[in-house]
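Participant: One-letter residues, chain by chain:
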Amino acid sequence: MSRWLLPAAVLAALIGAWQLAASTGAVAEALDLAPYLVPSPGEIADSLWQNRELLADNAWVTLKEVVLGFLLGVVAGVGLAVPIHLSGLLRRSIYPLLIASQTIPLLVLAPILVVWFGFGSGPKLAIVALICFFPVTVATVAGLRAVDPEAIKMMRTLDASRAQLLWRVEAPTALPSFFSGARLAAVFAPIGAVFGEWAGADSGLGHMILLDNGRLETARVFAAALLLTVIALGLYGLLALAERRVIRWR
Amino acid sequence: MVRTEATESAVQEGSPAAATGSDAAVSIRGLHHCYGELQTIENLDLELTEHEVIGLVGPSGCGKSTLLELVCGLQEPSGGALEVGGGRTAAERLAACAFMPQHDVLLPWLSAIDNASLALRSQGSRRREARADAAELFARFGLDGFEAALPRELSGGMRQRVAFLRTLLSGKPVLALDEPFASLDAITRGEMQAWLARALSDDPRAVVLVTHDVEEALYLCDRVAVLSARPGQIVDEMAAPAPRAPDRDAAVTAPEFVAARERATAALRKGMR
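Quick mapping for you: the protein sequence lines, in order, are chains A and B. At position 21 of the first sequence (counting the first as 1) the number is 7 in my numbering, and the numbers step up by one without a gap. At position 199 of the second sequence (counting the first as 1) the number is 436 in my numbering, and the numbers step up by one without a gap.
If you are wondering where the hints come from, they were derived from the structure by calculation, not from laboratory data. Heads up, the beta-carbon is just placed ideally off N, CA and C, and yes, glycines get one too. Treat the hints with caution; some may be incorrect.
[Said to hold, decoys possible] Which chain A residues face chain B? A few, computed with CB under 8 Å, are given here:
| hint | residue |
| --- | --- |
| 1 | G28 |
| 2 | D32 |
| 3 | Q36 |
| 4 | A137 |
| 5 | M140 |
| 6 | R142 |
[Stated by the list, open to error] The calculated DMTMM-like cross-link candidates involving lysine to aspartate or glutamate, where the alpha carbons are at most 20 Å apart (straight line), are:
| hint | chain 1 | residue 1 | chain 2 | residue 2 |
| --- | --- | --- | --- | --- |
| 7 | B | K507 | B | D473 |
| 8 | B | K507 | B | D450 |
| 9 | B | K507 | B | D486 |
| 10 | A | K139 | B | E452 |
| 11 | A | K50 | A | D188 |
| 12 | B | K507 | B | E279 |
| 13 | B | K507 | B | E452 |
| 14 | A | K139 | B | E329 |
| 15 | A | K50 | A | D32 |
| 16 | A | K139 | B | E306 |
| 17 | A | K139 | B | E279 |
Please work from the sequences and hints to get the whole structure.
Facilitator: Right under this line is the structure:
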């Protein structure tokens, strides 16, 4: 309980300060802006309520992109990590390229993917998956390699095959590491979806933010951003819960 | 090679040893081993008959653990002849040997009984059969009621018991134990030695026990070989006065035992250089 108390208090204080600064018009005045461009938390909450249907429809689109893209990324990440772990050749040949591939800015890739796959959900899923697979792959490879060498010797003399060693020893050993990679991916996934929507979309929270920003609907931009945060936190929380359910031996 | 009757001594009939006509469970001749430039074992001879327990004592870094890995087929020696259960290749040695590492290395996600029956599962038993086989040993060796416990719920001594039963249940004719009780406190270690003595009388195997505890070696083993510092060589070898005697406390205070301990300790000291 006390674990939550302190951050909650800080958050409340920050929101309070923001409310004060925005409702008195201090920020708008300082920045020489029209007051409606600097919405207070109260106004954002109001906008959230007023536009609940519109926001919900668009959040649903983005949520699907995030969750499906995340799942794709996790499957691809584990699917890459296991062969990389099992094969020294792959570890030497593919792994460095994989790490180098992370220097490619995905923001640049997004419009190209839209050109290739169109305005549907395809490019969004691809970008979310591309963002998610990397932390999962790296964390899973590291986890698989973290096995106690004595356990490997013991298992070999107990007649375990390579597959049995992987399944009974290495995979469970890698689980905590895999989950930390997946949690990281969950936090990045909504950013990927927004990138994808900015490159070309007709719905979704990212799409809405882009339009509303042009229309100077600042309160609704904040409301949409808040929902993105909720999606990321929700996914993160679900993963933390799954981790606690799966790893019962700690 | 699949052995389903793991609790039986697999060496009795049809073992590789019988096939090649050699009656030694382990036979080591002129063994030497190097790690790069570093010679860890030099010209070592050792013979171990079926059901014989041999203790290897020596200072840290004398190559005791390496020797166990060579015997188990986890490594290939640089030179010399090495025969375990009648087999010379690493795969044959691996098939004849079960290794118990220094720390219990119980898998934290498996219950005690699933840890103990790991070998049976590798060898193709279904979970239920494997558990049934292991449960019998749990009952016999004081682990009743702890079948479903996770390793973190067990005491150090119990963890070592589970680790030993895991080794035993492999059904292998040769057991390689690497300082099995080094991590336990003195009292528990004494209890565990008595426990292991009973377990081995009940279910005899050829055992290579590596330890740096002279008393442990002399109590548990039929024979004790003292190794020198690197490169490891046998500097003295002696028969234990009362191997695995039922009353451990009496056995280790008997005059012959004390004399043997003095002799081994002296050899150990000389071998340290």
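Participant: Which constraints among the numbered hints does this structure fail? Numbers only, ascending.
Facilitator: The structure conflicts with hints 1, 2, 3, 9, 10, 15 and 17, although it agrees with all the remaining ones.
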